[in-house]
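Engineer: Those protein sequence lines, which keep their order, are chains A and B.
Going by numbering that gives the first Met the number 0, the residue at position 70 of the first sequence is 69; the numbering climbs one at a time, nothing skipped.
Going by numbering that gives the first Met the number 0, the residue at position 103 of the second sequence is 102; the numbering climbs one at a time, nothing skipped.
Derived from the structure by calculation, the hints contain no laboratory data.
Every clue listed holds true.
Below, in silico cross-link-like pairs of lysine-lysine (DSS-like), each with a Cα-Cα straight-line distance of 25 Å or less:
hint, chain 1, residue 1, chain 2, residue 2
1, A, K106, B, K21
2, A, K214, A, K12
3, A, K132, B, K21
4, A, K17, A, K44
5, A, K106, A, K187
6, A, K44, A, K187
7, A, K106, A, K74
8, A, K106, A, K70
9, B, K4, A, K44
10, A, K187, A, K115
11, A, K109, B, K21
12, A, K74, B, K4
13, B, K4, A, K70
14, A, K115, A, K132
15, A, K214, A, K44
The primary structure of each chain is shown beneath.
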Amino acid sequence: MIRLVNLSKSFKKQSVLKDLNLSIPTGQTTVIIGRSGGGKSVLLKHIIGLFRPDEGEIWVDGQDLVRMNEKELYKVRRRFGMLFQEGALFDSMNVGENVAFPIREHKRLKGSEISKLVAEKLELVGLSGVEEKMPAELSGGMRKRVALARAMALDPDILLFDEPTTGLDPILTASIDRLIMDTQQRFKMTCVVISHDIQSVFRIAHNIALLYEGKIIVEGTPQVFQQSSDPIVREFLSPLCR
Amino acid sequence: MMLFKALAMTFVPPFRGRNVIKQMEFVGVKSLFIVVLTGVFSGMVLALQSYHGFRKFGGESLMGGIVALSLAREMGPVMTGLMVNARAGSAIAAEIGTMRVTEQIDALQIMAINPIHYLVVPRIWAGILMVPLLTAINILVGVIGGYFVGVILLGINSGVYMNKMVEMLELADLVQGLVKSIVFGLILTLVGCYKGYHTSGGAEGVGRATTEAVVISSVCILIGTYVLTSLLF
Chain A
0 MIRLVNLSKS FKKQSVLKDL NLSIPTGQTT VIIGRSGGGK SVLLKHIIGL FRPDEGEIWV
60 DGQDLVRMNE KELYKVRRRF GMLFQEGALF DSMNVGENVA FPIREHKRLK GSEISKLVAE
120 KLELVGLSGV EEKMPAELSG GMRKRVALAR AMALDPDILL FDEPTTGLDP ILTASIDRLI
180 MDTQQRFKMT CVVISHDIQS VFRIAHNIAL LYEGKIIVEG TPQVFQQSSD PIVREFLSPL
240 CR
Chain B
0 MMLFKALAMT FVPPFRGRNV IKQMEFVGVK SLFIVVLTGV FSGMVLALQS YHGFRKFGGE
60 SLMGGIVALS LAREMGPVMT GLMVNARAGS AIAAEIGTMR VTEQIDALQI MAINPIHYLV
120 VPRIWAGILM VPLLTAINIL VGVIGGYFVG VILLGINSGV YMNKMVEMLE LADLVQGLVK
180 SIVFGLILTL VGCYKGYHTS GGAEGVGRAT TEAVVISSVC ILIGTYVLTS LLF
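Bound conformation, chain A alone (with noise of 0.2 Å):
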């Protein structure tokens, strides 16, 4: 279980987070929803401690990530993923390189253990054989496929994805959408996902949060936001409607 306690955030004078309080039930998925610009990657960092909070308490799994000094946060880190919005993939190493890489950093195995790792990863995401081909080289769908396996590569109990389908197509969104689903139930991993687009919400989540001007104002199942008959979530949910 991921808890986030009176969260608040400044950048200089703007107040991005305001006593936010979030719990993120551990084997789902939860949808962080929200305006652009809202704070919604801010929040997401904070849950992997890159932000720290200027006030409150963030606690994952009984650990309260603020107390902790960096040598503790990044023996925490080591059980989350994430795919960042653009994939975020090293330009300077080839795709099997850059899924290798963590692997490399953290686990003494032989070279060709981890190109076995490797594969097995690539082939989850769809997309094997490609070990050799440079970032600059793919779509962007095949980007964040690529780097979904570098985020899954340590085997994390949380993944974090940031806008994960933003400027891709309905058929690629609707895969990438599927590959969440499939990946999620496939590991019971607690997933943490940022997204615009509503008709993909609905397709992943089990429970949405609604961030509105700092805050979460609204937490619940999918079907709760369907009934809901709050001004600020019909507004989001109208594509649906459309």
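Please arrange chain B on chain A, whose structure you already have, making use of the hints.
Structural biologist: Using the frame of chain A, we list chain B on its own:
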């Protein structure tokens, strides 16, 4: 702060020998051509200028010594520092800056890899180790360039030229030049890493970080050479 972190992390495993060698190749081997080129012409122009100056009071015979002394103490380390800064310092800032704005540095942190340990430490060591080597090469080719102008083109006696050079140049002069070059190697890699690491604002931010890195390092090298000269002599 970054310097202290980087120095402290130098002794924290894993030791990234392959990374250090890769950076040494980038900072050192790939800067060799430009350093040799500027070294030759620095030596040649020094010889030409000092010849015209010394001729006024019949002191042409001092030329070999003056050229070697200027190169070893000042021109060699400063020219090498500025050239490596223009080539490698800017590239370091641009590369790390691009990694910052494309979230590759965040990705490193999420993989529980300390970016200072992975990105900064190898580059700083490459600067500290390779800039003195390049400086030594720069001084050597500068002396050869000076000899070419003085002896071959201007007709100064070869024996006199070499004799004055050996007589005036002391080991301490070379040591001073190499000490300076170690400091310059540290400055240009550290500033490049720092500016890259703290880049924000997309492609424009990367451009700004690169420019600032080159300007700040160049100014620091020029101020540093004065400070070090006054401290070392």
